[in-house]
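**Student:** Residue numbers (the working numbering): 1 to 311.
Calculated directly from the structure, the hints in this document are not laboratory data.
Given the structure is predicted, the values throughout are model-derived calculations rather than measurements.
Please note: incorrect hints may appear among the correct ones.
Under the rule of at most 20 Å between Cα atoms (straight-line distance), these lysine to any residue pairs were calculated in the SDA-like manner [what the hints assert, rightly or not]:
1) Lys60 - Thr26
2) Lys60 - Ile35
3) Lys60 - Val21
4) Lys60 - Phe24
5) Lys60 - Ile49
6) Lys60 - Thr71
7) Lys60 - Pro273
8) Lys60 - Asn77
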Amino acid sequence: MPYVLLSRIGAAIPTVLGVMVIIFVTRRLLPGDPIAVILGGADATPETIANLRQQFGLDKPLLEQFWIFFTDALTLNFGTSYATRQPVSATIAQQLPHTLQLALAAAAVSAVVGILLGVLAAIRRGGPADALIRVLSLINTSMPSFWLGLILIMVFAFGLGWFPATGSGTPAQLVLPAITLGLSAAGTVTRVVRNSVIEVLGENYVTALYAKGLRRRVVVGTHVLRNAVIPTVTVVGLQLGALLAGAVIVETVFSRQGIGQSLVQAINGQDYPMVQGIVLVIACLYVIINLVVDISYAYIDPRVRAVVGKA
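Work out the full structure, taking the sequences as your base and the hints as a guide.
**Tutor:** Put into structure tokens, the structure is as follows:
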């Protein structure tokens with residue numbers, strides 16, 4: 001088991017390194033001079049420009065710049081924001097908890113809705129409920145999250161007045177953003193659960209359980225769902241990483257604090273150190289989530305656990 005864990009971690013390291021290279025190269029390929037962004041159009045003497053280049057390390061060769069970027073990132077030092085003149089890591093540390101809160105709440109929404117609808121569609125396979133759920137899942141997956149967010153704001157904030165439309169300070173302000181982001185992922189979970197439950201329902205041991213006189217509620221809730229939920233754990237875990245990226249749009253729609261909102265502001269203001277830091281953090285979190293899901297799969301599925309134990 002320790003060997004397998006180390007191999008998973010070893011496979012994740014090149015991925016993170018590759019992301020760092022892509023971020024670094026992409027930044028250098030973008031048009032515009034970072035010094036001009038820092039100066040904000042103000043006139044400056046050649047000496048001032050040279051001092052700024054030296055201050056931000058832009059006067060060094062590219063390989064040396066990447067090495068500095070790489071070693072600083074290992075210590076969570078992502079440089080200084082052009083806009084605020086504050087450390088990028090401080091801004092990320094302040095905003096990341098808001099995004100994680102939203103992503104976790106959205107993952108819970110997608111899991112609950114997806115599992116309930118998926119199980120219902122599977123046990124009603126071929127019926128009107130199955131057809132309706134499949135159509136709703138398709139529409140849900142195709143609908144942009146910002147559109148769904150605007151609809152929820154108009155209905156539940158402006159129309160009914162049940163929840164606030166913007167902000168991030170109270171639990172009530174989390175409800176609509178979490179539902180918006182969670183429902184955008186629930187369609188995929190629903191389809192995975194439906195297919196998994198249908199597959200398990202076709203197993204011989206399920207037929208034997210029915211032959212023993214067990215009720216469908218007991219068979220599905222105790223035996224079928226236990227085995228069918230294994231692929232669902234993987235999907236929900238992987239979608240948690242995607243939800244972090246999706247939070248960029250949802251946080252903007254609901255004017256919530258978070259790294260998504262900070263990323264949009266940084267892109268609009270050409271605050272490249274902030275963009276680099278946020279993108280790298282999101283990418284690393286995605287890799288870490290995938291790693292945790294991959295490892296936890298061995299503990300959830302007895303068949304995988306047996307194979308891992310032999311390894």
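**Student:** Hint by hint, note whether the structure agrees.
**Tutor:** The hints, checked one at a time:
Pair hint Lys60 plus Thr26 holds up; C-alpha atoms about 18 Å apart against a cutoff of 20 Å. Restraint check: the Cα-Cα separation between Lys60 and Ile35 comes to about 14 Å, which is no more than 20 Å; the hinted pair holds. At most 20 Å may separate the alpha-carbon atoms for a hinted pair to count; Lys60 and Val21 meet this at roughly 17 Å. Between Lys60 and Phe24 the CA atoms are separated by roughly 14 Å; this keeps the pair inside 20 Å, and the hint holds.
Taking the CA atoms of Lys60 and Ile49, the gap is about 14 Å. The hint holds against a cut of 20 Å. At most 20 Å may separate the alpha-carbon atoms for a hinted pair to count; Lys60 and Thr71 meet this at roughly 15 Å. Using a Cα cut-off of 20 Å, the hinted pair Lys60 and Pro273 holds, with the two alpha carbons roughly 16 Å apart. With a C-alpha separation of about 18 Å, the suggested pair Lys60 and Asn77 falls inside the 20 Å cut-off, and the hint holds.
In summary, this structure violates none of the numbered hints.
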